[in-house]
Amino acid sequence: MLFPIGDDNIEDGHSPLFSYGFLILNVGVFVLQATLPKGTQASFVETWGAVPAEIVQGIDLQTLLTSIFLHGSWLHLLSNMLYLWIFADNIEAVVGNLRFLAFYLLGGLVAGLTQVAFDPSSGVPCVGASGAIAAVMGAYVVMFPRSRVKMLFLIFFIVFYVPSWVFLGLWFVQQTLSGFEVLGMSREDAGGIAWWAHIGGFVFGLVTGFYFRNTYHTRQMPLS
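Just so it is clear: in the sequence shown, position 200 is 1199 by the numbering used here, and no numbers are missing.
One or more of the hints may lead you astray.
Stated by the list, open to error - What follows is a list of derived Cβ distance ranges for each label pair: (1) Pro-1119 <-> Ile-1004: 31 to 39 angstroms; (2) Gln-1056 <-> Ile-1157: 44 to 52 angstroms; (3) Gly-1122 <-> Arg-1145: 27 to 35 angstroms; (4) Ala-1041 <-> Asn-1008: 22 to 30 angstroms; (5) Asp-1011 <-> Arg-1145: 29 to 37 angstroms.
Hint data in this document are derived by calculation from the structure and do not stem from the laboratory.
Treat the numbers as computed from the prediction; the structure is a model and nothing was measured.
Yeah, the Cβ is synthetic: ideal placement off N, Cα and C, and Gly gets one too.
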């Protein structure tokens, strides 16, 4: 098994208040969710998750934001929080706390709307921070293309580094191929993964990343 465990961090700049704050909030919400009675857990997700069929009718639009803080399982949560922990702090260090807050929430909103656009009839709630985190990853690859991502090959306990543009580029290609592969399928038939939320969030992050890079270039990390 191969997965990222770190990156080249910026040593100055703004503190990662929201990067780590969102991580704590996501974990806290999931702990609350997990401690609810079984029947109540399903109701909780249905209430606060974003249901595409309802969104297109203008119903419960606030769930496009609340769904960003829900997760379907511990594995879903931990994988998302790993990526948030690795990639978000550098962006917040450069652009500042309030700008990062707005960027993260808007990225999650765009990601959710993208999924709704590609699967508008689904009655299954969309949950997870992956769309917002995909936006973070999209901005990261533009702002810090030569930053190194620390990888762990778990089977042999080998640690090595790859440029962020390689890791994140391959990630986006895989998401895009999967998105087109399930195009026209319901999310249930596509394995329950909101591929187009990932794609939409990443593209939003790419576009915003160019703005951040040009506006805050004097604060960028030396490796970028």
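> Among all the numbered hints in the text so far, which are the ones the structure does not match?
Replying inline: 3, 4 and 5
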